[in-house]
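Chemist: Sequence:
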Amino acid sequence: MLTKFETKSNRVKGLTFHPNDDQTIRIWNWQSRTCISVLTGHNHYVMCASFHPKEDLVVSASLDQTVRVWDIGSLKKKTVSPADDLMRFTQMNSDLFGGVDAIVKYVLEDRFLRFYEYSTQKDAQVIPIRRPGTPSLNQSPRTLSYSPTENAVLICSDLDSGSYELYIIPKDSVGRSDVVQDAKRGTGGSAVFIARNRFAVLEKSTSQTPFVRYVVWSNDMENVALLSKHTIIIASKKLLLQCTLHETIRVKSGAWDDNGVFIYTTLNHIKYCLPNGDSGIIRTLDVPIYITKVSGNTIFCLDRDGKNRAITINATEYIFKLALLRKRYDHVMSMIKNSQLCGQAMIAYLQQKGFPEVALHFVEDERVRFNLALESGNISVAVASATEINEKEQWYRLGVEALRQGNAGIVEFAYQQTKNFERLSFLYLITGKLDKLSKLMKIAEVKNNVMALVYDFSQQEEKLKSGYKATTSGKLTEALRLFLSILHTIPLVVVESRSEVDEVKELVIIVKEYVLGLKMELKRRETKDDPVRQQELAAYFTHCNLQLPHLRLALFSAMGVCYKSKNLATAYNFAKRFLETNPVESQAKTARQIVQAAERNMTDTTELNYDFRNPFVICGSTYVPIYRGQKDVSCPYCTARFVPSQEGNICGVCDLAVIGADASGLICSQSQVR
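UniProt numbering applies: residue 1 is where the sequence shown begins, and numbers increase by one.
Mixed in with the good hints there might be a few duds.
Said to hold, decoys possible - Here are the computed distance ranges between Cβ atoms for each label pair:
#1 His246 <-> Ser334: 32 to 40 angstroms
#2 Ala661 <-> Gly629: 19 to 27 angstroms
#3 Asn219 <-> Lys523: 53 to 61 angstroms
#4 Phe51 <-> Glu150: 42 to 50 angstroms
#5 Ile249 <-> Leu656: 43 to 51 angstroms
#6 Asn582 <-> Asn545: 13 to 21 angstroms
#7 Thr248 <-> Ile430: 50 to 58 angstroms
#8 Leu63 <-> Thr231: 17 to 25 angstroms
Stated by the list, open to error - Below are the EDC-like pairs computed for lysine to aspartate or glutamate, each with C-alpha atoms no more than 16 angstroms apart in a straight line:
#9 Lys566 <-> Asp530
#10 Lys229 <-> Asp64
#11 Lys436 <-> Glu401
#12 Lys564 <-> Glu585
#13 Lys171 <-> Glu117
#14 Lys564 <-> Asp529
#15 Lys436 <-> Glu422
#16 Lys238 <-> Asp258
#17 Lys271 <-> Asp286
#18 Lys463 <-> Glu412
#19 Lys465 <-> Glu422
#20 Lys564 <-> Asp530
#21 Lys564 <-> Glu506
#22 Lys433 <-> Glu391
#23 Lys505 <-> Asp435
Hint data in this document are derived by calculation from the structure and do not stem from the laboratory.
Idealized CB from N, CA, C, for every residue including glycine.
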């Protein structure tokens, strides 16, 4: 004996010890020194427990935010304290399962299974689950599973790390309370029916996902909702993820409606979740509820007092969105005509989901209607709205959209409204309306607004020199702009002789090489996280047909990039080529040092898609080598080469011609067609 405490008062009637961390309360017989009862039900550490001074009751408090009162005689939970600001107390602990027409509910307060019928909204007692005063395996039931075909119930608890009881409900047992079954018992967690006469149990040793609290199957058993504290996961029956929904407030309950929409509750809202993850609020709540079934516009639920309630909701919004999702456009139009669907939120939703033509039916503001009409391609509505607004910006946007659709009449009308004679003259030219074009020219002469652009070959030569200068200065973006401008202007150049034609074509080839090389170099500078791709692009750049100063820059860059990546053999090749270009002494010294280092260890640490021994050209879109003997396609204008998969795309070098098209090529002189 360690310590003896003496008292002068009457006999000692109660004694309380500090609780353990195993989430249970244990009552011991001090004479036999044995544990006579284990009270389970808390989901976290039990912080304190105390006997009632007069009655056979024990009160306990836990970190699971509940205070529980236990009847020691019957070993069941009897009542719980009301809530306050410091701790949330559970007011009820009922487990339920919804079927097609009814719900079975296990209520801890009266030891009975009760049957609730939705059609009549009547509640009836079914069977007792244990005799009064007799301990049962299920001292703290957590979940319930019901088999309608066998009329059987599985009741699960957390006792001994998981246990279950199986009850068979007689068909004539409603209202009777004197028959107590000898339930079949077993150990395991979360027992659920998976067939008419089979159920599955999770073994104790099996790892589980502790974050999922409830699993709710759809009525057709094709989809399932996994509910955690703040997350809802919608998946197929094969657990293929459909969507994930996150809530900032704790998710309380949920059920599927007849249309396949998941209806769930939080602390203060009833919400919906569509199969594609779209969600919204159906209505707000004054007090939390727990949904048991959704039928049409009626939600059946339990409140915190354990009372059955039926709440009528307005399901128009999510039924409308569901019809859009399933492309039931006849139903959508019917709802538009017969329902009060409006508001900026609905318009924004329709725009976001790609249904601006539907959103047109909800708005009257002409500016909003104009934007929606353009987005949906409804030119007639756009013209009507633009006429009402009558502003230059709207007419310009209308002309752009009409031109995209090929509606020349509306394009002409829009340009006339804005007096955009430049665009109007070009429209008349390409549509062959020469009579209107002549009238427009006379108007331009009267207003002294004659415009003419003439391009000749000498202008392009000056641009070429500017491009060379920008490349030498390292202004690659400016150089690329100048070279592309040359490629885009040359189709408008007209020359006289065959020799001039050859000069124009030679200029196209020169500029093409620079555009391809500069695009690869700019791509290399953007690719910072892929050193292998950086080396490849630097290597390809050295194989473009460049002026000697620019080739020297490309070789020096490729040599440095490969040397830093310890590809010494490849760096050696670039250093040798660089020394052949007669560089300045400081750069030549660096190249010789790289040659010496490579000769000591002629290896590459990484493999590149680059073989300088095998002649190749570079694809203008994918920037990969096309070695001799491999198939390729070319651009009919700039002659850039591409891998066969790029055939039919716009040329990635000149941005003008279609790759692999059967075309004549550049025609810039009458001498080419004689």
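Chemist: Check whether the Cα positions of Lys505 and Asp435 lie no farther apart than 16 angstroms.
Modeler: Not satisfied, since the Cα-Cα distance of roughly 36 angstroms exceeds 16 angstroms.
Chemist: Taken at face value, is the distance from the CA of Glu506 to the CA of Lys564 at most 16 angstroms?
Modeler: violated, 37 angstroms
Chemist: Within a Cα-Cα threshold of 16 angstroms, do Lys238 and Asp258 meet the stated pairing?
Modeler: Violated, at roughly 21 angstroms.
Chemist: Is 42 to 50 angstroms right for how far apart the beta carbons of Phe51 and Glu150 are?
Modeler: holds, 43 angstroms
Chemist: With respect to the beta-carbon atoms only, verify the hint that Thr248 and Ile430 lie 50 to 58 angstroms apart.
Modeler: The hint (50 to 58 angstroms, Cβ to Cβ) holds, given that Thr248 and Ile430 are roughly 57 angstroms apart.
Chemist: Between Asn582 and Asn545, is the Cβ distance one that fits in 13 to 21 angstroms?
Modeler: Holds, since Asn582 and Asn545 (Cβ atoms, about 19 angstroms apart) stay within the stated range.
Chemist: Is the gap between the beta carbons of Ile249 and Leu656 within 43 to 51 angstroms?
Modeler: violated, 57 angstroms
Chemist: Lys271 and Asp286: Cα distance at most 16 angstroms?
Modeler: holds, 14 angstroms
Chemist: For a C-alpha distance cap of 16 angstroms, please report whether Lys433 and Glu391 respect it.
Modeler: violated, 27 angstroms
Chemist: Taking the Cβ atom of Ala661 and the Cβ atom of Gly629, is their distance within the range 19 to 27 angstroms?
Modeler: holds, 24 angstroms
Chemist: Just to be careful, I want the Cα atoms of Lys463 and Glu412 compared with a cutoff of 16 angstroms; is the pair within it?
Modeler: Distance of about 36 angstroms is beyond 16 angstroms: violated.
Chemist: Is the straight-line distance between the alpha-carbon of Lys564 and that of Asp529 16 angstroms or less?
Modeler: holds, 14 angstroms
Taken one by one, the earlier hints fail for this structure at numbers 5, 11, 12, 16, 18, 19, 21, 22 and 23, listed in ascending order.
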